[in-house]
Structures are given as structure tokens and as C-alpha cells.
Amino acid sequence: MSPSPNPLGPPEPAGPAGPLPPSSPLAMMLALADSRLPVGGHVHSGGVEQAVTDGVIRTAADLADFLYRRLTTSGLVSASIAAAVADGTLEVGSAQLETDARTPSPAARKASLAQGRGMARLARRMWPDADWSAHSPATHLPVISGSVGAASGLSGFHTALVVGYTTVSGSATAGQRLLALDPADVAIMITDLGPECEQVAAQAAVGLADLSDPVLDVFAERHERRPMPLFAS
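The sequence shown begins at 1 in full-length UniProt numbering and counts up one residue at a time.
One or more of the hints may lead you astray.
Derived Cβ-Cβ restraints for the label pairs, each shown as a range [to be verified]: (1) Ala27 with Glu196: 20 to 30 Å; (2) Ala31 with Gly55: 33 to 43 Å; (3) Asp182 with Leu208: 35 to 45 Å.
With a Cα cut of at most 20 Å, we get these calculated EDC-like pairs of lysine to aspartate or glutamate [claimed, not checked]: (4) Lys110 with Asp182; (5) Lys110 with Glu224; (6) Lys110 with Asp100; (7) Lys110 with Asp213; (8) Lys110 with Asp217.
For the record, the hints were derived by calculation from the structure and aren't laboratory data.
We treat Cβ as the ideally placed atom computed from N, Cα and C, and that holds for glycine.
Input sequences plus hints: build the corresponding full structure.
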């Protein structure tokens, strides 16, 4: 009788190897959407902190409404810029100007540049042979996200989907902490917005969005003037 295979060793092949599955962006998308990605996003609430302070967000339902509003306005704009850069239809320099023009709040521009700096630092580590000079000395988060999407082999749609998802998940986590919400409720909230994230990504992949939300701009500016904020934005 032949000895049994080593249970701690690599698994034995079950049979003749079949054709390899087509390359999928799923693994890279999961990595880029991970909240542990060291780009500084965890210190930004996307306006949630100020909305809580002003009494606009009091409950989990309020937070869900805020997330939907942010996703379908500023989130769509960011996703559309990232998609265009990833697809190569918008060059980096022009994308920076388009982002500035679509971000009227100086505080929001500051937050975008801060997170863009973190993403650019990570990109240089992950793809050291790529040319990231167009993102120096400063870059907006949607712009560098588009370049990272291109370097990862993601389409404009998939890049926009990552941007839309992180727009929701980052602010949702901030709301969970500020309101002491049940993490399971917040996880369900993010999941429920999945179809909207896909719709936003599909719309973003078609062309640049030019929406604005003055309320979110007001939250950004009021937060900038807070004496002791818990979040950077």
C-alpha cells in the first residue's frame, strides 16, 4: 500500500490541469477597496463628523441617506475622473484641473490632496518601475486612483466601482464610530448600497460628471474651522 499523502504538504492535483481561467481584476479590486489600505482614508469622515455635529445625522437611517447622497454627487464626480484616467481618455494634468474645477470647497480640495498623497506613496511602492512623475508634487485622490487602476489592469468601470465603494465605506465607518452604531448594521448598510455603487460606476465610465452639492461643501468648510475635530475632514 502506498503511503498516504502528507497532510501538511501541498494538495495533490485532482486530475489533468484544465485551461486557466481568464484574468480577473477581482483580487486587485478587493485590495484597493480594503479599508486597511495605508492611504490615510481612515482619518477622513467625508463630512459625516460635521453632519453629526450639526444634527443632520442622528440615526442609522440618517447615515444611510447621507451615504447615498454623497455617493451619487461628489462620489460620482470622483469616480468619473478616476474612470477617465484609468481608461486613458483623460491625461493626469487635465484630470487635476478637472478635479479642482469640480471641487469648489478649499477644505474638500485639501482633503483630496492629502489622501492623494497617501495613495501616490503606496503606488510608488507597489509599482516602483512605473512613472509617477505626473503626480508630483501633489495629486488629487480621484486622479491617482485612476492611474493606480490603470497600473492594476482595471477598466474605467472597475476603477470607478472601487472609488464609489470606498466613498461609501469610509464615511460609513466614521458614522459607526461617531454614533456608536452596531457594526453589523453598518455592514448591512454598505451592502445595501452595492447596487447604487454599480450604477454610479456605470455612469462614471461613460463620461465626466459635473454635479455639485453645496451642503457637502458647507460641511467641509465648517469642519475645517472646528477647534478639535476627531477626523481630518
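- Against which earlier hints does the structure fall short, listed by number upward? 4
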